[in-house]
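With the hints as constraints, model all of the structure from the sequences given.
There are 2 protein chains.
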Amino acid sequence: MKENKTVKNESITSRDVDFAQWYTDVCRKAELMDYSSVKGFIDYLPYGYAIWEQIQAFANRKFKEHGAENVYLPCVIPSSLFGKEKEHIEGFAPECLVATIGGNKKLEDPLIIRPTSEILFSDMYKRLVSSYRDLPKIYNQWCSVIRWEKTTRPFLRGSEFLWQEGHCLFETEEEARKNTMDMLEVYDSIGRDLLAIPFVKGKKTEHEKFAGAVATYSIEALMHDGKALQSGTTHYLGTGFAEAFGISYLGRDNKLHAPHQTSWGVSTRLIGAVIMVHGDDNGLVLPPEVAPIQVVIVPIRQQAEGILEKCHEIADKLKSVGIRVKVDETDHTPGWKFAEWEMKGVPLRLELGPRDLAEGKVALSKRYNGEKLVGSIEDVEAEIPALLKVIQEEMYQKALAFLQTKIVDVENLEELKAALEKGGYARMAYCGEPECEDAIKAFTNGGTARCIYKEEAPEGSICPVCGKPSKIVAYFAKAY
Amino acid sequence: MKENKTVKNESITSRDVDFAQWYTDVCRKAELMDYSSVKGFIDYLPYGYAIWEQIQAFANRKFKEHGAENVYLPCVIPSSLFGKEKEHIEGFAPECLVATIGGNKKLEDPLIIRPTSEILFSDMYKRLVSSYRDLPKIYNQWCSVIRWEKTTRPFLRGSEFLWQEGHCLFETEEEARKNTMDMLEVYDSIGRDLLAIPFVKGKKTEHEKFAGAVATYSIEALMHDGKALQSGTTHYLGTGFAEAFGISYLGRDNKLHAPHQTSWGVSTRLIGAVIMVHGDDNGLVLPPEVAPIQVVIVPIRQQAEGILEKCHEIADKLKSVGIRVKVDETDHTPGWKFAEWEMKGVPLRLELGPRDLAEGKVALSKRYNGEKLVGSIEDVEAEIPALLKVIQEEMYQKALAFLQTKIVDVENLEELKAALEKGGYARMAYCGEPECEDAIKAFTNGGTARCIYKEEAPEGSICPVCGKPSKIVAYFAKAY
Numbered sequence: 000m001k002e003n004k005t006v007k008n009e010s011i012t013s014r015d016v017d018f019a020q021w022y023t024d025v026c027r028k029a030e031l032m033d034y035s036s037v038k039g040f041i042d043y044l045p046y047g048y049a050i051w052e053q054i055q056a057f058a059n060r061k062f063k064e065h066g067a068e069n070v071y072l073p074c075v076i077p078s079s080l081f082g083k084e085k086e087h088i089e090g091f092a093p094e095c096l097v098a099t100i101g102g103n104k105k106l107e108d109p110l111i112i113r114p115t116s117e118i119l120f121s122d123m124y125k126r127l128v129s130s131y132r133d134l135p136k137i138y139n140q141w142c143s144v145i146r147w148e149k150t151t152r153p154f155l156r157g158s159e160f161l162w163q164e165g166h167c168l169f170e171t172e173e174e175a176r177k178n179t180m181d182m183l184e185v186y187d188s189i190g191r192d193l194l195a196i197p198f199v200k201g202k203k204t205e206h207e208k209f210a211g212a213v214a215t216y217s218i219e220a221l222m223h224d225g226k227a228l229q230s231g232t233t234h235y236l237g238t239g240f241a242e243a244f245g246i247s248y249l250g251r252d253n254k255l256h257a258p259h260q261t262s263w264g265v266s267t268r269l270i271g272a273v274i275m276v277h278g279d280d281n282g283l284v285l286p287p288e289v290a291p292i293q294v295v296i297v298p299i300r301q302q303a304e305g306i307l308e309k310c311h312e313i314a315d316k317l318k319s320v321g322i323r324v325k326v327d328e329t330d331h332t333p334g335w336k337f338a339e340w341e342m343k344g345v346p347l348r349l350e351l352g353p354r355d356l357a358e359g360k361v362a363l364s365k366r367y368n369g370e371k372l373v374g375s376i377e378d379v380e381a382e383i384p385a386l387l388k389v390i391q392e393e394m395y396q397k398a399l400a401f402l403q404t405k406i407v408d409v410e411n412l413e414e415l416k417a418a419l420e421k422g423g424y425a426r427m428a429y430c431g432e433p434e435c436e437d438a439i440k441a442f443t444n445g446g447t448a449r450c451i452y453k454e455e456a457p458e459g460s461i462c463p464v465c466g467k468p469s470k471i472v473a474y475f476a477k478a479y
Numbered sequence: 000m001k002e003n004k005t006v007k008n009e010s011i012t013s014r015d016v017d018f019a020q021w022y023t024d025v026c027r028k029a030e031l032m033d034y035s036s037v038k039g040f041i042d043y044l045p046y047g048y049a050i051w052e053q054i055q056a057f058a059n060r061k062f063k064e065h066g067a068e069n070v071y072l073p074c075v076i077p078s079s080l081f082g083k084e085k086e087h088i089e090g091f092a093p094e095c096l097v098a099t100i101g102g103n104k105k106l107e108d109p110l111i112i113r114p115t116s117e118i119l120f121s122d123m124y125k126r127l128v129s130s131y132r133d134l135p136k137i138y139n140q141w142c143s144v145i146r147w148e149k150t151t152r153p154f155l156r157g158s159e160f161l162w163q164e165g166h167c168l169f170e171t172e173e174e175a176r177k178n179t180m181d182m183l184e185v186y187d188s189i190g191r192d193l194l195a196i197p198f199v200k201g202k203k204t205e206h207e208k209f210a211g212a213v214a215t216y217s218i219e220a221l222m223h224d225g226k227a228l229q230s231g232t233t234h235y236l237g238t239g240f241a242e243a244f245g246i247s248y249l250g251r252d253n254k255l256h257a258p259h260q261t262s263w264g265v266s267t268r269l270i271g272a273v274i275m276v277h278g279d280d281n282g283l284v285l286p287p288e289v290a291p292i293q294v295v296i297v298p299i300r301q302q303a304e305g306i307l308e309k310c311h312e313i314a315d316k317l318k319s320v321g322i323r324v325k326v327d328e329t330d331h332t333p334g335w336k337f338a339e340w341e342m343k344g345v346p347l348r349l350e351l352g353p354r355d356l357a358e359g360k361v362a363l364s365k366r367y368n369g370e371k372l373v374g375s376i377e378d379v380e381a382e383i384p385a386l387l388k389v390i391q392e393e394m395y396q397k398a399l400a401f402l403q404t405k406i407v408d409v410e411n412l413e414e415l416k417a418a419l420e421k422g423g424y425a426r427m428a429y430c431g432e433p434e435c436e437d438a439i440k441a442f443t444n445g446g447t448a449r450c451i452y453k454e455e456a457p458e459g460s461i462c463p464v465c466g467k468p469s470k471i472v473a474y475f476a477k478a479y
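Just so you know, the sequences run in chain order Z and G.
Numbering-wise, the first sequence is residues 0 to 479 according to numbering that gives the first Met the number 0.
Numbering-wise, the second sequence is residues 0 to 479 according to numbering that gives the first Met the number 0.
The reader is advised that the hints may include incorrect statements.
Incomplete in silico selection of chain Z near chain G, CB under 10 Å [claimed, not checked]:
no. : residue
1   : L96
2   : A98
3   : S158
The set of hints was computed from the structure by calculation and includes no laboratory data.
Built from N, CA and C at the ideal position, the CB exists for glycine as well.
Structure (structure tokens):
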């Protein structure tokens, strides 16, 4: 419910006082989501869902450039089928929601509500693929998935989230590995070009890789509080699923082969990343490319002659060049409107009052740093799109500078622990063994290898945990 | 798997020999869908899903014109919540899929996999709405829903289907009823302007209305076999859900009121309607507006100098004016390609061979009636878009003429039975009581009231079942 107050949103928690509470406040007050009555689930409200639709549109364009086609597979997986790939089932079983009753009758083969769809894609591909002529298959699905979670947080961890999952088959390992890396690059571009988020990216360690994958790669964003957020993963699955499901194709050599498989996904977690990378004590801050509303026009003394007309004229001009714009002509005060649209993170505010109108000018304000500019009414169609591009780039550079100050190199567990307590990434050489990562996590109160920085270690380096020779250098961080 | 044959698809069943088998053949051979290993569920393959994406894009534009915003709510509904609206739960209980285990533990409150979301929207609105200032809420959701079905048929009836569901709240009954009718008009436009399908539309009888609705309206398409297909519904729900869920708002009169609710939905059934209204013995026939590929270019003697280059030049020209076009440069013969793209229902085929090239001409073939035309290479950007508009209109007029020949007026049960056996709609006056509709259904072997034609009956007419005065005239038909 909105009330007619001069100032609103006065009650938001400061980001540096209580980051978790600040995050929840922004999610709620920017009207991105609401807690559902279904425990562990959220309602995606129009403004939050609109951000997801921007991400979908951008990703769909990029996927298409790589030959991907969209499909839709069932939202349930029979238990009998789910057990076919052993590592996979072991990885997911504890998080499953299982249906046991259908049409008032007990199901003989209970149905698992889709936690991910490697199984169903593999099962379908077995029917669709029999010759090298049927390859490659580069299919993608937009859907929701269920992971039964005990502790949940909006967009970051929940019992249901929205995502896309690509599942592909190729003739050769080389093509499949290329697809895995191409998609990692697409995801990097979602950060760089859409969300103004720089990622650390690379291969996951054995300990952290996906259940059933040969190799997993991830993009990792750094939040304002110094914690990492895994924001997307791509997997080279080898031929394991194909063999488990009996997928084979008659090759150019007239012999049967198992195709090489990949999968890749990003989710509504990306919305969480945007909030925590760019947000501030006045609320959400959206980069122009992903903002559902890029420019909000606030009339000053909107009853004055010609003000509203001119605001709409400017809005129409901006719409004609593809800008997403809104005129706020509600009966709230300008101050209320400023706070409202700051909370919602609209990248650029345009004010127009009688004096501006007389002078042929508009007052502009950048949301991300509060900078004030003066524009010309005459030139809005040219000036504003250019200014939005500048804001996008500035926000990326600001986030990149923050990230760069938060990467340090360490050589032992004490240094690692101290670095992770300060927040950010610490790069350390070690043996790469899962057991040592467990020890590191315990010692640092939660530090994990986010991804591999270098697949070799400096000459003579030894693992600070087990004392054996180091084999890799990884980015460690505390993570969401 | 595709093989390199001169002719393909020779095995499709004739539409007039076995319509059900013909339908299945088209669904499979046009590669719209595949049967999943999950019993009762289907895989939406890229070509079928692309049709759905066209419908989504069209509908989203229309919904937005009516102020709708997209949201996403949980895919599960707690049993305890589901029971709140009594008629609603009774209507849906027999079709529910129920999850009873989460994270390896028995759930205290089992979760029903969403069959429709009136419940969750009502529950959410209770939290979001408290003042007339919060109204109207015009929210829409794109998702899949589960209805546990015993007999299933691709796109028409399945345990899972894709749809959109709009759920709205208004201050007044008048606004809510207007929204109900506005959305019926949007759905009619999806038929008329996108799918080239004329609908019979109107209010549902008491017997046929939605569980929990005050009034239900539907669009009903007529299939080639003379059976009706309910293709979309809009509901005025009154204040029943609001009262059951305790939604109220402080009105302009400073008193508490229950808001008036609507819901409306169309589903992937629309794909089934397109297949069965327009398809023929060569396969699918798509109207240009909804076709994922509007023009297929088939090179004749594609090895000849300049042919492929010119084909791509034409494709680029067409793309530049927004036409969805594909050049088939596979190594199949032209005959194979013709059959392939006929099966997939591409509305217009463009052929270019050496002689055409020399003469500056292209050969054109309309899919829906096989008509051949000659076009000019020079003018493709102007000619082809205009021709596609003509095809769209011709297909609509053809379907409309078919529909009009299939509506008859009858006055008694024998006439009704005979008319329904021939296929199509029979309009009959009767009392409008559910018991008489049950008797009509039994007597006619399945004829049901599809929607009301007139909410009054001719002077002196009596119900042919019970002998009481007739109150309405309804469209009766056998239906999918």
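Each hint tested on the structure:
At its closest, the beta carbon of L96(Z) sits 5 Å from a beta carbon of chain G; the interface hint therefore holds under the 10 Å criterion. The beta carbon of A98(Z) is positioned within 10 Å of a beta carbon in chain G (closest approach about 4 Å), and the interface hint is therefore held. The closest approach between the C-beta of S158(Z) and any C-beta of chain G is roughly 8 Å, which is under the 10 Å cut-off, so the hint is satisfied.
Hint compliance for this structure: every hint is met.
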